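Visitor: Protein chains in written order, with the working numbering: chain S, 4 to 315; chain D, 133 to 409.
Be a bit skeptical, because a hint or two may be false.
[Claimed, not checked] Here are the computed distance ranges between Cβ atoms for each label pair:
id, chain 1, residue 1, chain 2, residue 2, range
1, D, LEU386, S, LEU212, 47 to 53 Å
2, D, GLY306, S, ALA57, 28 to 34 Å
3, S, ASP276, D, LEU382, 55 to 61 Å
4, D, ILE350, S, LEU201, 52 to 58 Å
5, S, GLY53, D, LEU386, 33 to 39 Å
6, D, ARG221, S, ARG96, 36 to 42 Å
7, D, GLY298, S, ASP276, 37 to 43 Å
8, D, GLY249, S, ARG122, 54 to 60 Å
9, S, GLY100, D, LEU386, 35 to 41 Å
10, D, ALA196, S, GLN273, 37 to 43 Å
11, D, GLU229, S, ARG122, 49 to 55 Å
12, S, GLU89, D, ILE150, 26 to 32 Å
13, D, ASN366, S, ALA57, 35 to 41 Å
Hints listed in this document are in silico derivations from the structure and should not be mistaken for laboratory results.
Keep in mind that this is a model prediction, so the values were computed, not measured.
C-beta: ideal position from N, C-alpha, C; glycine also.
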Amino acid sequence: MTLASPAPPRPGPLATSFEPVPGRPRHVPPAGPGKGHGPTVIPGYRLSLGITIAWVSLLVLLPLAALAARPWEHGAGWLWHSLTQERALAALRLSFGTAFLAASLCTVAGLLLAWTIARVRPAGWRLLDAIIDLPFALPTAVAGITLATLYGRHGWVGAPLAGAGIKVAYTQAGIMIALVFVGLPFVVRSTLPVLNDLPHELEEAAQTLGARPGQIALRVLLPAILPALVTGFGLAFARGVGEYGSVIFIAGNRPLVSEIAPLLIVIRLQQFDYAGAAAIGLVMLLGAALILVALSLVRALLPAMAGARQPL
Amino acid sequence: MSLRIRATRWLLGSAAWIVAILLLVLPLVSLFGEALRHGLGAALATLDDPDALSAIELSLLVVAICVPVNTVCGIFAAYLLTKYEFSGRGVILVLIELPLSVSPVVAGLVWVLLFGGRGWFGPMLTHNHVQITFALPGILLATLFVTFPFVVRTVMPVLDARGREGEEAATMLGAGFWDIFLRVTLPGIGWALLSGVLLCAARALGEFGAVSVVSGHIPGVTETVPLRIETLYNDYQGVAAFTLAALLALASGLAVGLRGMLEWQHRATGAPRGNAA
Numbered sequence: 004m005t006l007a008s009p010a011p012p013r014p015g016p017l018a019t020s021f022e023p024v025p026g027r028p029r030h031v032p033p034a035g036p037g038k039g040h041g042p043t044v045i046p047g048y049r050l051s052l053g054i055t056i057a058w059v060s061l062l063v064l065l066p067l068a069a070l071a072a073r074p075w076e077h078g079a080g081w082l083w084h085s086l087t088q089e090r091a092l093a094a095l096r097l098s099f100g101t102a103f104l105a106a107s108l109c110t111v112a113g114l115l116l117a118w119t120i121a122r123v124r125p126a127g128w129r130l131l132d133a134i135i136d137l138p139f140a141l142p143t144a145v146a147g148i149t150l151a152t153l154y155g156r157h158g159w160v161g162a163p164l165a166g167a168g169i170k171v172a173y174t175q176a177g178i179m180i181a182l183v184f185v186g187l188p189f190v191v192r193s194t195l196p197v198l199n200d201l202p203h204e205l206e207e208a209a210q211t212l213g214a215r216p217g218q219i220a221l222r223v224l225l226p227a228i229l230p231a232l233v234t235g236f237g238l239a240f241a242r243g244v245g246e247y248g249s250v251i252f253i254a255g256n257r258p259l260v261s262e263i264a265p266l267l268i269v270i271r272l273q274q275f276d277y278a279g280a281a282a283i284g285l286v287m288l289l290g291a292a293l294i295l296v297a298l299s300l301v302r303a304l305l306p307a308m309a310g311a312r313q314p315l
Numbered sequence: 133m134s135l136r137i138r139a140t141r142w143l144l145g146s147a148a149w150i151v152a153i154l155l156l157v158l159p160l161v162s163l164f165g166e167a168l169r170h171g172l173g174a175a176l177a178t179l180d181d182p183d184a185l186s187a188i189e190l191s192l193l194v195v196a197i198c199v200p201v202n203t204v205c206g207i208f209a210a211y212l213l214t215k216y217e218f219s220g221r222g223v224i225l226v227l228i229e230l231p232l233s234v235s236p237v238v239a240g241l242v243w244v245l246l247f248g249g250r251g252w253f254g255p256m257l258t259h260n261h262v263q264i265t266f267a268l269p270g271i272l273l274a275t276l277f278v279t280f281p282f283v284v285r286t287v288m289p290v291l292d293a294r295g296r297e298g299e300e301a302a303t304m305l306g307a308g309f310w311d312i313f314l315r316v317t318l319p320g321i322g323w324a325l326l327s328g329v330l331l332c333a334a335r336a337l338g339e340f341g342a343v344s345v346v347s348g349h350i351p352g353v354t355e356t357v358p359l360r361i362e363t364l365y366n367d368y369q370g371v372a373a374f375t376l377a378a379l380l381a382l383a384s385g386l387a388v389g390l391r392g393m394l395e396w397q398h399r400a401t402g403a404p405r406g407n408a409a
């Protein structure tokens with residue numbers, strides 16, 4: 004099936020027939036390790052390499068260089084002072100802390116949803132499956148004003164809660180709700196395919212051998228989906244740390260209390276403190292990278308751990 | 133035993149639906165409820181606002197520029213990364229993934245650090261009367277950064293699964309690069325490409341954080357639709373803000389929904405999937 008696709012620009016005249024071009028210089032790159040494809044003869048190496056390098060350098064490498072270099076422009080001592088200000092520490096703690104808690108909540112709720120969709124197949128499970136992607140489709144600012152209104156003092160959920168003496172919007176609980184909203188699909192989307200691919204025979208075998216449903220769930224299904232669950236948790240966590248649009252409307256944004264790190268970046272930029280803004284940005288980037296590296300380590304260790312605990 | 137299992141299944145099913153409705157469906161209903169609070173007429177009347185219209189125009193312009201750039205470059209990058217082996221391939225892969233784990237605010241910040249008033253190139257730009265931040269170029273750069281990985285990441289798995297045999301055979305038969313690229317490589321990735329383009333367009337349309345940092349929020353000039361929504365919301369113009377928000381959600385939902393249908397169709401026929409979410 005061929006769908007209409009935008010044609011790329013053509014720098015040269017397009018040959019209308021397949022003519023041998025003996026003089027065309029062909030780059031034969033060395034065979035890389037591992038893949039075992041051997042050297043390739045396909046033309047276009049230099050062109051695609053040139054375009055890719057220009058694209059990546061201009062749009063990613065150059066900006067990252069600025070982000071990595073600018074925090075240091077007043078010296079390391081200044082940088083340390085800028086990052087350890089009470090306000091900066093509070094913002095970073097809030098962003099990383101609420102993102103961690105929200106990702107944990109997402110993992111529990113996401114596991115329930117994925118498990119139910121894959122194994123219980125309740126009425127309307129296809130619709131349920133489609134609904135999960137809603138936060139992916141909703142632009143962050145739209146999610147932000149909607150959640151702030153819904154959980155606000157006069158909102159459908161906020162008003163009854165306020166009657167019970169619970170304040171959600173403009174507190175840390177509000178931030179948590181926004182982060183759970185944006186993070187939930189990550190957990191379901193990484194767990195559900197694994198659950199769907201897991202053969203039913205596994206559970207039937209366990210059942211035949213006398214395992215109770217709880218045992219099957221804990222000792223057969225959970226180990227199999229644990230790596231996917233860890234991936235989902237990590238994606239939700241990393242997303243939550245940097246989240247801005249869906250949070251600032253519901254957060255209240257009080258310094259030291261409900262001011263998230265991305266907002267502090269914006270505030271420092273408005274005060275023309277470029278180095279201070281870049282410092283927080285760099286810490287957030289390194290934090291997100293650390294989360295992803297740590298999780299891939301955990302994933303690499305998991306099979307060994309699971310295998311040691313239960314010889315299946 | 134069987135009764136207990138059935139009860140458990142029923143409980144799980146209900147719990148899943150309650151979580152989904154409370155957490156996901158209720159906000160969506162509330163979004164349209166707020167927009168239509170005073171009826172459809174009142175909602176549509178708020179669109180008769182020159183600043184809102186110019187915001188829609190600007191957002192469409194941003195999509196029209198950013199999506200083709202990232203699509204064309206993304207296809208070339210996917211081609212490079214799947215058809216050739218070379219040292220440094222891993223570095224390029226990491227750099228392509230990076231924008232996904234960066235906060236939107238940082239995605240805007242980096243351009244201010246480069247081109248803002250006190251940026252590396254700021255004084256030079258001011259001297260030559262070129263404005264990048266607080267103007268269209270800054271908005272474009274910020275959007276290009278956040279939509280950077282989508283097309284490459286959807287197209288790469290498909291190109292990888294197709295292998296190199298087609299291109300190699302064409303080369304042996306004497307075809308040049310453009311013949312191979314346009315007649316062998318491109319026809320095979322049609323649906324994945326469309327899926328990546330849709331994701332890219334939805335994100336470009338809805339991006340808030342990155343654009344908000346570089347745009348300067350000048351009504352009628354540098355306000356995209358999400359920024360206009362923020363301005364209206366902070367001005368207590370609830371119906372106007374939610375109407376524009378509902379419109380944006382519909383456009384973005386259409387793109388994401390269409391992509392979901394494409395994926396579903398190709399999963400059913402056993403074609404390899406792109407994982408771009």
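Visitor: Output the indices of the hints that this structure fails to meet, ascending.
Guide: 3, 7, 10, 11 and 12
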